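Each chain, written out:
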Amino acid sequence: MKAAVIIFPGSNCDRDLTVAFKKVTGKKVSIIWHKDAIIPKDIDIIGIPGGFSYGDYLRSGAIAAKSPICQALMGFANAGGYILGICNGFQILTETKILPGTLMRNRELKYICRDTELIIENNNTAFTHGYQKKQRITLPIAHHDGNYFADDETLNYLYDNNSVALTYVNNPNGSVKNIAGILSKNKRVLGMMPHPERLNDSQLGGTDGALIFGALDTMFS
Amino acid sequence: MRLLISVTLKKGVLDPQGLAIKNSLSSLGFDNINTVKQGKIMEINIQETNPQKAKAQAKQMCERLLANTVIEEYMIELKQ
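Chains as they are written, first to last, in our numbering: chain A, 161 to 381; chain B, 76 to 155.
Take these hints with a grain of salt, some might be off.
In silico DSS-like links for lysine-lysine, alpha-carbon gap of 27 angstroms or less [what the hints assert, rightly or not]: (1) A/K337 / B/K86; (2) A/K226 / A/K201; (3) A/K345 / A/K257; (4) B/K85 / B/K115; (5) A/K201 / A/K182; (6) A/K226 / A/K347; (7) A/K226 / B/K128; (8) A/K201 / A/K270; (9) B/K112 / B/K86; (10) A/K257 / B/K134; (11) A/K337 / A/K347; (12) A/K188 / B/K97; (13) B/K130 / A/K226; (14) A/K226 / B/K97; (15) B/K115 / A/K257; (16) B/K134 / A/K337; (17) A/K187 / B/K86; (18) B/K85 / A/K337; (19) B/K97 / B/K86; (20) A/K183 / A/K226; (21) A/K270 / B/K115; (22) A/K257 / B/K97; (23) B/K85 / A/K226; (24) B/K85 / A/K293; (25) B/K115 / A/K226; (26) A/K226 / A/K293; (27) A/K270 / B/K112; (28) B/K85 / A/K270; (29) A/K347 / A/K162; (30) A/K195 / A/K270; (31) A/K257 / A/K195; (32) B/K130 / A/K270; (33) B/K128 / A/K270; (34) A/K294 / A/K226.
To be clear, the hints were calculated from the coordinates, so they are not data collected in a lab. Values in this document were obtained by computation on a predicted structure and should not be read as measured data.
Isolated chain B, as found in the complex (with noise of 0.2 angstroms):
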């Protein structure tokens, strides 16, 4: 099973590198975005066919590892 975990900054928590993005994309003419949000992807091979045992793992990688959570948010997706 294939486990795609993303991790970004908090809303709230300013995001200097999402803004210097969204500034160069202004500078390239896409003048309609509201905000950029930069992060990370992980993406895991898992031992593991029980969806619902992988997205617990998922959480406890991200709780003790992959998130900081004073600062970082993170979305787990399962794929087959």
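So here's chain A without its partners, still in its complex pose (with noise of 0.2 angstroms):
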């Protein structure tokens, strides 16, 4: 497996993101900058790190959903590129249009950075074929704008194409349907509030995060 990160100014967990990569393919992750206009031809994956891209401005993930390297992933995910957005990651797939609805405010106006228990709603994917359905695992959470909210008619479109990936089992934002994590409708697209790069090895605490990494790398070995 070949993988990208992409890094905005103010990014702030690539370099995590980057070792998880690196630890389940034993290469060379690219890094892409925000300016770059074009993604390597030979990138299976590209992971959009957790940070306040350009300091949150206007809406989180709003300005970096328009800067050029950002044009080039809605091109890649058109052509049926894997992309795992995490946090501000998962902010920009979804002010990007690549993912449906969006992410707002938490309910309690809160920051809020802690371990959260989550349930698995779809393992049937290249992201989450190492989990159980319905398994229970505990993530990291760290954010202030993780409240998901998408209208009716998305929130349909999202279960009759099994596109929840993950939901909270005690909600900590509002989020809709207690949702933590949503796929494309090809299921190549995964944005998540979570950090699995955080629990990513036993010397963090555990490595509920790592099966995520580890699925990818079987899909493309």
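From the two separate chains plus the hints, produce the assembled complex.
Below you can see the structure in the form of structure tokens.
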């Protein structure tokens, strides 16, 4: 698997994500800068890291979504490319409309940073086939704008297409239907608020997140 | 020409910030408030003298960047 990570000004989980990809692939991870307009040809998966791209100005992910690399990212998604967007990366994926809906301010208006219990709703994807369906896992969240919102029509679309990937056991932020992560129609794009790259090594306190990266690597090997 | 663009949450979308402001106003004794909506205002100076053209451009700006139309609505005001 050849992975790449996009870095925006204000990204702050890019190194953790790079390390997570490198750990499973053993290969150098390509770093793509936000001003780049082209995605290297041999890339299998693009990771969009968490952080505060462009200072979260206007709306989380809104400015990043209009950057040169995101034009290329939309082309990559349309061509069937695999993308993993975590936290701010998820916000960028909704702002580019690669994924439907949006992430609003948390219901309690507070920044939340803690471990949360999640349920794997769809384990039949490149990202989640290492888990059992309905398996409960724990991953950290760290966000101010993680309150997933979509209108009823979009929610029906998500459920009809089996595109809800993860839900919260105890909804921390007001997300509709407890949604923590969603998939594109072709299941090749996953956007999620929790951080698998932060629970990717027993020295970090757990390995529940490692299965996502392991699952991806077996897909491409 | 000056454009005043306000972006607020659509009706039916929970606005926790508006709610917090409403509760705080109530605690100050303003107890006759029905709803509070919080939003953003953007003031844009534009090199355009034709009001219709300016407004059309502002609409484009809102649709493409300034508002997330999944949850937000916008209002455009022209100031000479």
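Given hint A/K270 paired with B/K130 - CA-CA distance at most 27 angstroms: 36 angstroms, violated
What's the verdict on A/K226 and A/K293, does the C-alpha distance respect the 27 angstroms limit or exceed it? Roughly 36 angstroms between the alpha carbons, so the hint for A/K226 and A/K293 is violated.
Verify the proposed pairing of A/K187 with B/K86, using a straight-line Cα cut of 27 angstroms. At roughly 49 angstroms apart (the allowed maximum being 27 angstroms), B/K86 and A/K187 break the hint.
Does the alpha-carbon distance linking A/K345 and A/K257 stay inside the 27 angstroms limit? 12 angstroms, holds
Pairwise hint evaluation, A/K347 against A/K226, where the allowed Cα distance is 27 angstroms at most: Judged against 27 angstroms, a Cα distance of about 24 angstroms means the pair holds.
Run the distance test for A/K270 versus B/K115: straight-line Cα separation, threshold 27 angstroms. Within the cut-off at roughly 19 angstroms; holds.
Does A/K226 sit within 27 angstroms of A/K294, going by the straight-line distance between their CA atoms? 36 angstroms, violated
Is the hinted pair B/K115 and A/K226 satisfied, with a Cα-Cα distance of at most 27 angstroms? Holds, because 20 angstroms separates the two Cα atoms, which is no more than 27 angstroms.
Can the restraint linking A/K257 and B/K134 be considered satisfied, given a maximum Cα separation of 27 angstroms? 19 angstroms, holds
Does the structure keep A/K201 and A/K182 at a Cα separation of 27 angstroms or less? 19 angstroms, holds
Is the Cα-Cα distance between A/K201 and A/K270 27 angstroms or less? Violated - the C-alpha atoms of A/K270 and A/K201 are around 41 angstroms apart, more than 27 angstroms.
Take the C-alpha atoms of A/K195 and A/K270, compute the straight-line distance between them, and say whether it is at most 27 angstroms. Not OK: A/K195 and A/K270 at ~32 angstroms, beyond 27 angstroms, violated.
Comparing the model with each earlier hint shows violations of hints 8, 12, 14, 16, 17, 20, 22, 24, 26, 30, 32, 33, 34; every other hint is respected.
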